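Asker: Chain by chain, the residues:
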Amino acid sequence: MIRQLTNWFRRAELEGGLDRELRYHLDRRTSDLKKSGLTDDDARRQASLELGGVTQIQEEVRDVWLARWLRDFAYDLRFSARSFLRTPSLTITAVVSMMLGIGAATAIYSLVDQVLLHSLPVREPARLVLVDATKGEQVAEGFGSWNLMSYPICRDLDAQKQFFEGVFCRALTDVNLSTGGDYHPTTAEIVSGNYFSLLGVGPALGRVLTRQDDGVANANPVVVISYDFWKTQLGGAADVLGRKLIVNMHPFVVVGVAASTFRGIDVGEVPSVWVPASMSDEVIPGGYTDLRHSSTRWMQVLGGLNEGVTLKQAQVGLQPWFKAMLQKNMNEAGFPKITPEQMQEYLHSSLLLTAAPQGHSGLRRILVQPLCVLFAATMVLLGLACLNVSGLFLARGSARDREIGTRLALGASRGRLGRQFLADSLLIALTGGFLGAALAPLAVRALVAFLPKNTAANALHAGVDTRLLLFAFGVSVTAGVLSGLAPAWQSGRQSFLSSLQQRGGTAFRGVRLRKVIVTAQIALTLTLVVGATLFVRTLDALMTKGPGFVTSSMVSFRLAASRNGYSKTDGSRLIRRIDEAIRNSPLTQVSAVAGFPLLTGGSWNNPITIQADKRITTDHAVNLNAVTPGFFRTMGIRILAGRNFDERDARPSGEMGFRSAIVNESFAKRFLDGRNPLGLRIGGGSGPDVKTDIEIVGVMSDFSYRGLRDESEQAFVPFLEAGSGDATFYVRVRGAPESAFQTLRTIVHNVDPTLPVMDLRTLDEQVSRSLNTEHMLATLSGGVSLLALVLSVVGLYGVMSFVVTRRTREIGIRLALGADRWSAIWMVLREALLMILAGIGMALPVVWFLGKLIVSQLYDVKPFDPTVITMATLVLGTAALSAALVPAHRASGVNPTESLRAE
Amino acid sequence: MPPSRFPIPQGTLDMMILQIVSLEPAHGYGIAQRLEQISRSVVQVNQGSLYPALHRLEQKQWLRAEWHESETGREAKFYSLTAAGRKQLVVEKDSWARLAGAVQLIFDEGKR
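Respectively, the protein sequence lines represent chains A and B. Counting from 1, one number per residue, gives the positions in the first sequence under the numbering used here. Counting from 1001, one number per residue, gives the positions in the second sequence under the numbering used here.
Looking at chain B on its own, in the form it has when it is part of the complex (with noise of 0.2 Å):
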């Protein structure tokens, strides 16, 4: 029997920092329970690796941060996309369309 969780597969933790931040700007707390609500019990997000990515992300400039007040009142850094960010997304989730559905086909010519 497979395990409940498994580890995220290398490479997509990118792609969903890049599509919840696409929805609106957030820290890495929020971004962190948002990975963790949308993918409940399904994906193991190792918060540790998160910030790693975030300011990867940075440096590649498809994400911009800013320093803002956040819902509690305190000072947390902000994640937005860039336009740069927006075109990468659409690029990540145009091949992942793409990998999913040779997969997708590899596995139906199993059946027949």
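The following block holds chain A by itself, in its conformation from the complex (with noise of 0.2 Å):
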């Protein structure tokens, strides 16, 4: 077959070989017949009789290089492309639809397969596993998130030598890094000796971290950087070896630069330095990292499974080890208090690994659902492109009636006629899958740029890879395939007799099945323009909605003096000096600060009790925060009850813990059942132990916290000394908020120039960075619909005119027998009518059913909204109308003389 296909390209030197070796056949045979004392034209008659017809030899050896039908088909290209070439219109529509449908699919495939599919470029990523636990186990404490587990674990997994061949941890943070200038904010990993070992990651210079480097607490300043920040950041400097980088103040030195091709093991979030756990100290301050209690949890545990072991084994296996653990860690010092409920869920808990070939990602869990239902858009966009082309290949197959009754009745087979058409289908796709596939790049850029975070944006790539050719070449044949068929089953039903006998151009065959074909892609249309407005719509809900705080003319900013060698009391008091600078400049109306960002997806959450009537335990996280007074006014909320924060808030020096809190609406709604919450008191926990000392002093209006859909209990607390420095500056501008960037960054810097400004933006870009998802899908399946809108009204087109023009003499009669001419508009109308409720009447379950998928991407509005269906079919009913209504005019004025004296 290989040898074949390659033969094809080689013919010329082939046939060369064949002519030379038969002639020097003949030559011999005549030169020893005249030896035998023939004359030389006898001899040489003789020669070529006894040899046979050297052109059928030929054909015969040909077959042999070239499989028949391969042969065919490579003819059967030729005249496709022949007569492809003599109807450029038909040809490019056919090759423009293919395009937008293969190049569509393909430019979202390139992100699936980046996000979604793709291996790390490890050794064997498909032993990789994730270590968790079942949710119980965090009960214990309400510290610690999703998947994330100890150092200690780690090291205890990592000498389970009968399941695992190793067991590395690691956990991403920011940290303010300096190469010898300014600060500035990176990504750092923070992983265990083994982690390189065990990935088979090597280094591009120098070398790896091991084992040693992750031994003595504090005593390796040492890291690894990225190959990307290597080239970019230093220049590619080949002495980058033994430089000093200085991490959060801290001096590390650079032992190595890692292999060029690794990116770490996150999608969407590539870390510049990797540094050993036993330094983490220094790379996330504040005594949040503990390398020696195994429930100190903010390590992410990953595994290389030993070759042989199922991830089912291995999981079924270590679960006596973990039971033993849970057990240990329950009468070890500073294990909370927790109810007996609480108990039996945490001892209850299990190991759980979970297969992880492409490492772990936020941005994929974040995407799984928009790109996949993206990609099912473009999927739907596709088929309507391969019916498109059916629907013109039907077209002309019609036109192309006599040459194919001619072909018929000079003896081609059906069969044949059949893989011409497929022959012709697949010209189209695959010259349209080149074009695809070359704009694909271009697409997947302008793609990048609606991904939710800035990190993506470098973490992915554009460009065209192996994968995706083979995806869109794939594709191309597939659609192809599709495409021909329907002309191709059309052709076979064929009868030579009829088609010779009928008149020139009359021919009816083909038009029932290009009505099925049109009314198939009124229905994908509709579902697709449905799904469309349904995005859309949640777009709108969302952007109208709002936060619930003011937008305009606000800025915002981040600080994080922690990473800077502040302690907490220095880190406070230096955030206070900054807000009163902020506040006494001319530019600020007015400013606040918070302790943790809004609308970035995350926030500082605590099950809360509540002390009322009745002890009450909310059953799940509430989200916190810490503002200073100025907040309120600063954001536009209202206070509705109770007071703002004010000097009575502040706590004596020396005691621990908040005075107060100001809880929000949602919050009483849901806990107080009616309560009045004013003067109730809180604590944070869900613990019997604790103790509730926190009054709440005012309820405050509902605003969004992690994102716009947030409709979350809030509990904020002030903003005190000694509370941290970290924080996030919301100021509200005179003028055009961009100009103030300048003042607050000078500002910032006189009180501390080597204090990274951090997340500079304004808000109203805040909100619509939180909106980034929302606005993909809006976008790009408002994109889609309109393609297909525009597919379907061009295929609609298409038939009725042909419809039209096969009826002339029809609508010539009518007319001169006395119709009148809106009979004649309604007759095509009536067709395209019957076609269109036809295709949405097929749509509508299907629509009923796919909206179910998607619920959670909605926002205020139902997967089978009334409103929304009737717009979308508003929307694609006139748009498939007006196309009928051209069509329609034109019958309307045949001429009842001239349409007969036609025939």
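Hint data in this document are derived by calculation from the structure and do not stem from the laboratory. A portion of the hints provided could be inaccurate.
Quick list of in silico lysine to any residue cross-link-like pairs, SDA-like style, CA-CA up to 20 Å [as the list claims (entries may be wrong)]:
| hint | chain 1 | residue 1 | chain 2 | residue 2 |
| --- | --- | --- | --- | --- |
| 1 | A | K545 | A | D860 |
| 2 | B | K1060 | A | K328 |
| 3 | A | K34 | B | Q1047 |
| 4 | B | K1060 | A | V846 |
| 5 | B | K1060 | A | D182 |
| 6 | A | K328 | A | A133 |
| 7 | B | K1060 | A | G17 |
| 8 | A | K691 | A | Q589 |
| 9 | A | K35 | B | Q1033 |
| 10 | B | K1060 | A | A67 |
| 11 | B | K1060 | A | D860 |
| 12 | A | K34 | B | K1060 |
| 13 | A | K323 | B | R1034 |
| 14 | A | K34 | B | G1073 |
| 15 | A | K568 | B | R1086 |
| 16 | B | K1060 | A | K691 |
| 17 | A | K231 | A | G286 |
| 18 | A | K35 | B | G1030 |
| 19 | B | K1060 | A | R11 |
| 20 | A | K852 | A | V368 |
| 21 | B | K1060 | A | R10 |
| 22 | B | K1060 | A | V368 |
| 23 | A | K35 | B | K1060 |
FRET-style restraints, in silico, Cβ to Cβ [as the list claims (entries may be wrong)]:
| hint | chain 1 | residue 1 | chain 2 | residue 2 | range |
| --- | --- | --- | --- | --- | --- |
| 24 | B | E1075 | A | A12 | 55 to 65 Å |
| 25 | B | I1038 | A | L469 | 50 to 60 Å |
| 26 | B | E1075 | A | L410 | 34 to 44 Å |
| 27 | B | A1084 | A | G215 | 33 to 43 Å |
| 28 | A | M379 | B | N1046 | 17 to 27 Å |
| 29 | A | Q313 | B | A1102 | 47 to 57 Å |
In silico negatives: residues of chain B with every beta carbon more than 12 Å from chain A [what the hints assert, rightly or not]:
| hint | residue |
| --- | --- |
| 30 | M1015 |
| 31 | I1020 |
| 32 | E1024 |
| 33 | I1031 |
| 34 | A1032 |
| 35 | Q1047 |
| 36 | Y1051 |
| 37 | E1092 |
| 38 | Q1104 |
Since the structure is predicted, the reported quantities are computational estimates derived from the model, not experimental observations. From the three backbone atoms N, C-alpha and C, an ideal C-beta is built for every residue, glycine too.
Please assemble the complex out of the two chains, which come individually in their own frames, going by the hints.
Answerer: Set out below in structure tokens:
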């Protein structure tokens, strides 16, 4: 097969060889015969008689070189190409349809592949598993979150050699990093010493981190830098090894550059430096990291299974070890007090292993559903494109009736003709696919701009790789075969006698099939239009609703003083100084500070215990924040009852914890059951020993915290002295917000020039960032359904014009017999209307079913919302009817005498 | 009376070509001559079917072809047996022997 394919490209060489070979045979035979006494002419004649027909031999040998079907197919393609060049408008329409369909599918697939499918560029990605525990294990503390484990657990698991080749742990964090000049926020990955060796990642320069680096705590200030960081930030300097980097004000020595293909194990978050876990105190200041206690969970644990060990075996085999660890933890000092139910849940939790050949990625979690939805939409679009090409071919098939009839009469088999049609559609699909694949990188680049994170832009590439090309090729061939099926089938049903008997150009066959195709197109388009309308409505609803606080003229930025070596006390003093400087700036209207940023997807949260007439423990975490008194005025958030924070809330020096809190309406509604919240006391945590010594002093209006869909319960406490040096500033400025950027930078710079100003942007931008996914879904599904609309409208127009042309005589007769123009128009429109209604009827159950799958992406709109369905149907119906109106109008203009004479 | 020369049985041409080439590399005309000599006046080989067969065997990589100077001094395409071809020849000879033996058995059965 492969040899036969390559033979196709060396045809000329093979032909030449065969010619020489046969000529040699003839010449030798001739000269031998002459020796036996024949004359020159007789010998030559005798020789070629013996050999037989040279042409026939050549044909037979060619069949050996290339299988018959392959040769025929090549000729079919050539024939198709020639006939396509004769009908350029049809060819261009078909190719453009395919190009749009395949290009869109390829572009989305590129993202699907990179975000969802691609395995890590490490040794044996298939054996990587993520180690996690079922939910109960976390109940004990209310600290930590999704799939986080502790460093000692990682160490212990690493020793389970019967299951694991090794187990490593890692944690991503942001650091302030300087290569000698300014400090910049940079992503760092804290890893155990066996990280690189287990992943099989080597150095491009120097060495990678080893177990020795991860030995004694705080003793090995070394980093491995990423290849990209080396190239872009250090100019690819050859003498980079041994250089000093300042990470959070601590000097670290560069010992190596990681291999260029390795970009960490998180899609969308590329670390610039890798630091051994032994140095985690320096990298994450504040004592959150703990290398000794298995209850402090802050790292992700991943293992490489031994060869031959299945995930299930390992999971079952490790349960005894896990249970023992739970027991041991419970007896450890510092284990939180918990209720008996919580204890039950804790002891019943079990170890959970998940295959992680693609590593781990928050980006993936966010994008799985939107990308799948978009991929499905582009697949539907591609289906529409195929139907369009089918329709065009059927139309052409009717026009080619005579040619086909003639070929049948001359003895061509029906199968042979069907293959010709397949060759036609394959040629179109491959050309379209080639153009589509060529355009895909542009589309991908545009798509990446929609993705929710800055980092996505540098972690995803827009290039075309082999996988992508294979996908495009596979899709093109499939599309080609699918769109050729209908015409091929149609040609198989044709009787050559009837086609020869018929007068030219009035063939009727194929119209019914074309109507079916257009009906299907309308049905597919309606599902896309409904989907797009739902996403647009969702985006619109979220934008109209807004975050519940003022965003215009607002600027926010973040500082992380703890990373610059500030203690909690010094850090909060620094924040206070900067806060004052900003408030005194002539540019500022009002400003405030919050401990945690809003609309970034994350939050500070904890279950809460409320002491009312009885003790109430919240069944899930409440979102918390610490804010300065000016916060509510700055953000335009109303205090609905009680009071704002003031001096009364400051705690006496030496006292820990907060004295007062302001909860939001949802909190009161959800947990307090009509009780007056003012004066009630709450405390953080859900255990039986939680002290409820924080008084609720006010109730604030609801607003968005994590994101715009967020309607969570919130409890805010005052931003205190000695609280934290990590804070987000919210400033309402005079004039254009962007013009304040430089002033704000200068204010911070004047207080501490080494402190990086992070995420400096307007709140409007922050809002639109948090709506990235919704933007992407609305825009892209809108674009896709617009294309779909165009395709099906073109299809409908084509069929209706054909119908009108074919029935010109009939219409002429009707008009001659006294029918008026309106009835001619109605005759055509009725047919179109029937197709449109049938298509809509087919689509509605599908829409009803598919709607359920996208509920989680919607906001404030039901998947089977009657208004949306009506709107989408109206848009589609209007577009389709206008397309039918043009041929209908033509029908009404038929001149009876001329139409009859034309026959 | 049967004709003095009968057409070569289906499928045996390949085997005969492999056998001839196994003795020494040969060009198309040479193979044709050899076939003629060996099977003189018994088997009739259509020379026209020789070349498709040669190309088929080359495609299957049982034969290897090279252009050499021939005994007349002109360049000719010489075919020689590959390792795979040698194996194939053994297989074909074996199955031919078994077929012939089986046919003989059936004939012997009739005599008794």
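Asker: If a hint holds in the structure, say so; if it does not, say that too.
Answerer: For each hint, the structure was consulted:
1. Taken as a hint, the K545/A and D860/A pair is honoured in the structure, with Cα atoms around 10 Å apart against an allowance of 20 Å.
2. As the CA atoms of K1060/B and K328/A are separated by approximately 70 Å, the hinted pair breaks the 20 Å bound.
3. For the proposed pair K34/A and Q1047/B, the alpha carbon gap of about 19 Å is at most 20 Å, so the pair holds.
4. With a C-alpha separation of about 53 Å, the suggested pairing of K1060/B with V846/A is violated against the 20 Å cut-off.
5. For the proposed pair K1060/B and D182/A, the alpha carbon gap of about 69 Å is over 20 Å, so the pair is violated.
6. At roughly 16 Å between alpha-carbon atoms, K328/A and A133/A fall within 20 Å of each other, so this suggested pair holds.
7. In summary, the hint linking K1060/B to G17/A is supported, as the alpha carbons are separated by about 18 Å, within the 20 Å threshold.
8. Only pairs whose Cα atoms come within 20 Å are accepted, and K691/A paired with Q589/A is rejected, the gap being roughly 39 Å.
9. Among the hinted pairs, K35/A with Q1033/B is consistent with the structure: their alpha-carbon atoms are about 15 Å apart, no more than 20 Å.
10. The straight-line distance between the Cα atoms of K1060/B and A67/A is roughly 13 Å, inside the 20 Å bound, and the hint therefore holds.
11. A distance of roughly 68 Å separates the Cα atoms of K1060/B and D860/A; the hinted pair therefore is violated under the 20 Å criterion.
12. Under the criterion of a C-alpha separation no larger than 20 Å, the hint pairing K34/A with K1060/B is inconsistent with the structure, at around 37 Å.
13. In summary, the hint linking K323/A to R1034/B is not supported, as the alpha carbons are separated by about 84 Å, beyond the 20 Å threshold.
14. Taking the CA atoms of K34/A and G1073/B, the gap is near 18 Å; set against the 20 Å cutoff, the hint holds.
15. Between K568/A and R1086/B the CA atoms are separated by roughly 85 Å; this puts the pair beyond 20 Å, and the hint is violated.
16. Between the alpha carbons of K1060/B and K691/A the distance comes to roughly 86 Å, so the proposed pair goes past 20 Å and is violated.
17. Of the supplied pair hints, the one linking K231/A and G286/A is violated, its CA atoms being roughly 32 Å apart against a limit of 20 Å.
18. Our distance criterion of 20 Å between C-alpha atoms is met by K35/A and G1030/B, whose separation comes to about 17 Å.
19. With a CA separation close to 18 Å, the supplied pair K1060/B and R11/A stays within the 20 Å bound.
20. Under the criterion of a C-alpha separation no larger than 20 Å, the hint pairing K852/A with V368/A is consistent with the structure, at around 16 Å.
21. For the hint linking K1060/B to R10/A, the alpha-carbon distance of about 17 Å falls within 20 Å, and the restraint holds.
22. For the proposed pair K1060/B and V368/A, the alpha carbon gap of about 49 Å is over 20 Å, so the pair is violated.
23. About 37 Å separates the Cα atoms of K35/A and K1060/B, which puts this hinted pair outside 20 Å; it is violated.
24. Between E1075/B and A12/A the C-beta distance comes to about 18 Å, which lies outside the given range of 55 to 65 Å.
25. A hinted range of 50 to 60 Å holds for the C-beta pair I1038/B and L469/A, which are about 54 Å apart.
26. Taken as a hint, the range 34 to 44 Å holds for the pair E1075/B and L410/A, whose Cβ atoms sit roughly 43 Å apart.
27. The given range of 33 to 43 Å is broken by A1084/B and G215/A, whose C-beta atoms sit roughly 59 Å from each other.
28. At about 55 Å, the beta-carbon gap between M379/A and N1046/B misses the expected band of 17 to 27 Å.
29. Judged by the Cβ atoms, the range 47 to 57 Å given for Q313/A and A1102/B holds: they are separated by roughly 55 Å.
30. With 12 Å as the threshold on Cβ separation, the claim that M1015/B sits away from chain A holds: the shortest Cβ distance comes to roughly 17 Å.
31. With a least CB separation of 15 Å from chain A, I1020/B remains clear of the 12 Å interface cut-off, as annotated.
32. Even its closest Cβ contact with chain A, about 17 Å, leaves E1024/B beyond 12 Å, as expected for a residue assigned away from the interface.
33. Here I1031/B does not stay apart from chain A, with its beta-carbon only about 10 Å from theirs, under the 12 Å limit.
34. Listed as outside the interface, A1032/B is inconsistent with that label: its C-beta sits roughly 7 Å from the nearest C-beta of chain A, within the 12 Å cut-off.
35. At the 12 Å boundary, the C-beta of Q1047/B falls inside the reach of chain A, the nearest C-beta of that chain being 5 Å off.
36. For Y1051/B, the shortest C-beta to C-beta distance to chain A comes to about 5 Å, within the 12 Å cut-off, and the non-interface label is violated.
37. Distance to chain A confirms E1092/B as a non-interface residue, since its nearest Cβ pair spans about 19 Å, more than 12 Å.
38. Non-interface status of Q1104/B relative to chain A is upheld: no Cβ of that chain comes within 12 Å, the nearest being about 34 Å off.
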